[in-house]
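A.B. asks: So the sequence lines, in the order shown, correspond to chains L and E. Just so we're aligned, residue 1 is where the first sequence starts under the working numbering, counting upward by one. Just so we're aligned, residue 691 is where the second sequence starts under the working numbering, counting upward by one.
Among the clues, some could well be false.
Facing chain L, according to a computed beta carbon distance under 7 Å, are these residues of chain E, among others [stated by the list, open to error]: (1) Glu-869; (2) Gly-872; (3) Gly-922; (4) Tyr-925; (5) Arg-930; (6) Lys-932; (7) Gly-933; (8) Thr-939; (9) His-943; (10) Leu-949; (11) Leu-1015; (12) Ala-1018; (13) Asp-1021; (14) Arg-1023.
In short, the hints are calculated from the structure, not lab data. The C-beta atom is built at its ideal place from N, Cα and C for all residues, glycine as well.
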Amino acid sequence: MTASDRLEAQPQGVNRPPSIPPTLEVRDLRTVFLTDAGPVRAVDGVSFSVGAGETLGIVGESGSGKSVTALSLMRLLEEPARIVGGSMTFQGRDLLAMRPEELRALRGDRMAMVFQDPMTGLNPVIRILRQLTEPMVAHGRFTPPEAKQRAVGLLGRMGITAPEKTVSRFPHEFSGGMRQRVMLAMGFANDPALLIADEPTTALDVTIQAQILDLLRQLNAEFGTAIVLISHDLGVIGAVCRRVAVMYAGEVVEEAATAEVLADPRHPYAWALVNAVPRIDQPLGEDRRLVSIEGAPPDALALPAGCRFAPRCPFKIARCETEHPPLAEVAPGRLARCWVTQAGQVLPRAGGAGFGGTRAASTATEPLLAVRGLVKHFPLPRESLFGARRVVHAVNGIDLDVARGETLGIVGESGCGKSTLARLITRIHAPTAGSITFAGQEIATASPAAIRPLRRRMQMVFQDPYASLNPRMTIGDILAEPLVAHGVVGRGAAARERVRDLLSTVGLNPAWEARYPHEFSGGQRQRISIARALALEPEFIVADEPISALDVNIQAQILNLMLDLQQRMGLTYLFIAHDLAVVRHLCDRVAVLYLGQVMESAPAGALFARPLHPYTGVLISAVPVPGRTRVVLQGEPPSTLVLPTGCVFRARCPIARPVCATAPPLAEHAPGRWAACHFPGEFAHGEMGA
Amino acid sequence: MLRTLVTRLAGAAIMAVLATLVIFLIANTVPGDPVLAQLGDIAASNPATVLEWRAKWGLDLPLWERYGIFLQGLAQGDLGTSIASQRPVLDDIAQYAPATVELASIAFALALGTGIPLGIAAAVWRDTWVDAAARVISLIGVSSPTFWLAFVMLAVFYGGLQIAPGPGRLDPIAFPPEEVTGLFLVDSLLAGDWEAFHDAAAHLVLPSIVLAAATIGLITRTTRAAMLEAMGQDYVRVSRAKGMRESYTILRHVLPNALIPVVTLGGLAYANLLAGAVMTETVFSWPGLGRYTFRSAAALDFPAIMGITLVVSVTYLLVNLAVDLSYALLDPRVRR
Ligand SMILES: Nc1ncnc2c1ncn2[C@@H]1O[C@H](COP(=O)(O)OP(=O)(O)O)[C@@H](O)[C@H]1O
Ligand code: SF4
Ligand code: SF4
Ligand SMILES: [Mg+2]
């Protein structure tokens, strides 16, 4: 199915005739958490309205009050949260004056909500069917047989195959993407007038995300359901929502049409958000540093008297520290809470970057790392005494070269073997077959003792910085540990000296060495993991999704840090990520994995400009870019238990032909451009900036 | 499913036999001579009598041979003869077991019937007087010594208020109902004897409360904790967002998830109630397995001890199996 943006068809909020009341009208909403330390003002004077059939996005970093706003709208807040001010009207009725009975009648009926994590939102011991029909029957809109029929219909509408059969399954039999479809079906169970979706795609792969966003857009167009979509990703919002409200520290700081905010943000925080993320549809600058703002959002217990963004704002003027700016019109239909832009000043265009310093292309001929025919199979535990053992085919014959000083990006959907590949290269796992040569030495079959000296030269950074730092050790001890273990320095003064060095290298205060991991934010912890990886002065760093768990601004900081370190120390990176724009931004070359095999590998610029393999094409096309025609890849990666015959991508390939029943080899089609496809370059994807 | 069941049963049988081996070895290494315990001082001072007695009970044979004989008997469904009662051990057990099964089952039902609702209430009305009351009740249940509780109950409700019958399974002058299962409640119902049913039920009240007390406390606590955990899960918020009633959300979404850990505890608790009724049975003159065990141990009655061990381990294993099967009922994720 091909779907293109049809946002033009939507009514626009600001031009709504005054006679029709909006579906949802929020005025000056204030929600606080009554904690022991004092009231935390999580939502502090938020106003917006959503008309019938409109789409509004809410964007902001974690902790900015997006979810609390959503829960306030549903009146689903739990202790110790209180709505202490403002008004909320839904279809002309005052939500704050409603009795619990009336609210319940509204929830899941006229007003529905979809939550972030589809893995925990479904009850594991109740069949999907029942969870879907519950609200239909409870609100008296359908009889049980009708509800069942509708549930099957809705699931089918959400793109679940054979819904009559799947509907009687239990949640654990569904993948994350399928579960989110079920959650959406649940949201639409009674044809609500308003659907609130809180980060509905954050936990999903780009391909699945594209499917879900497409679905939201279609449902909005088809049923005229008003949608409030919450996300930390402006790209996601841009794919669905006409208008967006940018939240910071419990306030709306900018509200305008999404396209306008993306092109020309009028609040410095929105400006930072837009420029912190590399854009896949814009040309790469010479310098790749991203805009990142230092500091953290203010403590909600002690909010600044003036502009809340003032402590971090690069544009602030004298007035900002003392006077709290109102949300006021800066252009027709555009509101911003900023003294500077209200006075008519325009924020500079960052356009991906622009502050000097070029990247030297790698010139080394002999690769630092060479991988040939790498295979890793995980036999599963026996299910019964007599049955055959099943095997997970995680990595199935990978060839790769990484030149000294370059960054190789690895992309692919989850489960395609990216992490396993990283663990094989660092020899956390032993390969089933194949060879790995690092700096001229064969390590695939080497004994742990023979690898130990190489560990100093090759380090790994993980996705979850918290899980990989021992919570009971101080940062100083965590960083000194590898130094002492490898006998680089003795305990005591020398180690402390080096630890303080490392902390300042990654931009942390050296005085923090006595702190414990929980005292740091996510971004700071990731800096600590990077410092730990750098402790032994390695040449090569394998980073497995190092920024996936972080907010965009922190992502920008970490990416800048990685670029910086590479330039200063001549590091070589193997960078695993599912965010293609980030990979395009950071990497010299990219390898695309599917079912544990390389589908395509090429220099980043060429690969993104003109992908040769159809899988690369659909992956790039899945990245949400407002106003771009997209090809949405259907389905999900097949099971790794039984490898398909022929081309492994055949089942989902939009251009598969009979000849694809024989496996295509990974062949070089142009200098440095490898692809495993019988029809390289034949799949045309949406037009893209070079 | 069936194949799993068969494998599990076979495994259970092997485990039970292994348990007898362990008990056999332990019983034969404890100091103490059954001769002295059985024959009395005078007879035991006559070497000829002692030799003859030992030969009669096979005590003169080497350890392994004796275990072999035990296993041989076991294979034919014979657990040997009790030294003390001179009757087949199996008959002894069959005679004593129903009283214990009846008492433990009623106590178990009582524990579940009180502990689960109490735990639910404590979690739903967390940090209110309901929660506090539940905490006090479970604390009393867990911490009062059985022996003491049994005496207090007897003294207050039988001795003082005289609203409960005294020790024993029935009034001393009443006739037991015609034996079918040995469970008086069931047998009296089968015989249509309402008077006996009422009598048996009344006699069960105090001992089952005493026996259940600690288990009520444990089940209340576990249920409360499991409920609170489940109430914090996302699917509960989803249910509320769907506009489901609070009572429905608690009973239909929270409870089934909370019951999963309760089942584990329940299985263990039932097996413990069956095996651990000694104290209660002693105070309430309950002619059950607990007292039989106590007497056999005191008399170093090896065949009886082995038989009881076997019965108890088989019980534990069966209960465990039942727990696993109920997991499969409660939690679709462990079904295959
Ligand atoms: N230790 C393991 N045992 C069994 N299967 C594993 C193990 N580690 C990874 N896998 C499986 O290998 C496949 C590839 O996983 P992974 O490399 O983590 O993918 P990605 O990093 O792309 O998300 C998945 O199907 C995963 O479930
Ligand atoms: S009001 Fe001042 S501090 Fe606040 S965002 Fe505008 S320029 Fe920055
Ligand atoms: S070989 Fe065929 S099926 Fe495989 S990617 Fe190419 S066109 Fe698609
Ligand atoms: Mg991974």
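A.B. asks: Of the numbered hints stated previously, which ones are contradicted by the structure, given in increasing order?
C.D. replies: When the structure is compared with the hints, numbers 1, 2, 3, 8, 10, 11, 12 turn out to be violated.
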